[in-house]
Amino acid sequence: MTSNAWRQNRDEPSLSEVFRSVVVPSGASPFRRFLAFVGPGYLVAVGYMDPGNWATSLAGGAKFGYTLLFVALLSNIMAILLQSLCARLAIASGRDLAQACRDAYPRWVSFPLWIFAEAAIIATDLAEVIGTAIGLNLLFGIPLEIGVFITAADVFLILWLQNRGFRYVEAFVIALLGVIAACFVVQIGLADPDWGAVIRGFAPSVEIATNPEMLYLALGIIGATVMPHNLYLHSGIVQTRAFGTHPDQKRDALRMATWDSTLALMLALGVNASILILAAAAFHTSGNTEIVEIDQAHALLSPLLGGGIAPMMFGVALLACGLNATVTATMAGQIVMEGFIAFRISPVLRRLITRVLAIAPAVAVILIYGSQETGKLLILSQVILSFQLPFAIVPLVMFTASRAKMGDMVAPKWLTAVCALVALTIIGLNLNLLSSIILGG
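The opening residue of the sequence shown carries number 1 in UniProt numbering; numbering runs sequentially from there.
Warning: the hint list may mix true and false statements.
Dumping the calculated EDC-like pairs for lysine to aspartate or glutamate here, alpha-carbon to alpha-carbon at most 16 Å [stated by the list, open to error]:
(1) K376 x E213
(2) K250 x D408
(3) K376 x E290
(4) K376 x D295
Note that these hints are calculated values from the structure, not bench results.
Assemble the whole structure, with the sequences as input and the hints as a guide.
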């Protein structure tokens, strides 16, 4: 790399306590090396199936049937491409996205980017607070206003896992992902959807861009799927792997990390599509098209699908999603704060600060409007995330397209072009939605 590629030298890595802590066996078979890289992709996948996804997918499936499955697929393809750039940036430059922004841009640019990133994490945490509280309410009858405060106790779970080692964090997350997937297999089996209509739902529809209500939900799905904090998270946790520094070893690490994230995100697509399919099969076809509250969907599952298995599985999966997202959002918050402003505080304190900022609006909405408005707040949080996306995607694409910064691992021109198109598409959709809101559409 040229000496003037970055404005300042690389600082201490974020998440320094787990940096290069997972050994990659040299000289081992490709499969063994791949197993060493399995993990970060699944932590990233958590963000693609958090409670915010539930709200947007349930509302989209109930209102428009299977039509928005195309948006879920498109979002997942966007995510796979962008996460591959995150791994490329981390492995080639030794920086996560937050550090890269700090080292490449003047303070007057990097500081606002940090503020936007923090806002995105608070919006993410808001979805987790509400989703986890709803899960506790559905399973144990705990009132939402109490449940949102109980969620603050997750800091102790995170601290315990991190003290055990990064592989324990990954094992915990992957185990809960298995529970979530199993729950949806059972629910989809009970819903018995029209598989022909499901397949047709993955085809594009012009109405998605022309119908303001459908566009709003589509943007919510994109915001809930391609999440800003995941771009910072992935570029940080890939560096928990102790891969070699030779160019060939770096290229091998990039291949393994990309396979890890791609396979994990395919699992996330399966879960997201399952939520939308469940809503379309159980609610849209029965005329219940105005499902915007997660607890409302839970209450309707039993009479529509019969028995108590489906709603119980629904509650278990929601709680598991909330717990998982809690772990990954905390790490993303550390990476953002340490990377942008080199300010290091304990994960517990960091989590408590973020959680207080997320609990406040959640409690306010519950106390003023009641639980019936929490679903709308969830969807709004995901649309806010979609508006934040360009501020993370544009720097990521610019860095990985720069040979001066990336050396021989610069992104191929086709990948840069496609990811630039993704950024322009999201910006265009945001402007379209904004104009619809301003004009009262």
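Status of each hint after checking the structure:
no.	hint	verdict
1	K376 x E213	13 Å, holds
2	K250 x D408	10 Å, holds
3	K376 x E290	12 Å, holds
4	K376 x D295	12 Å, holds
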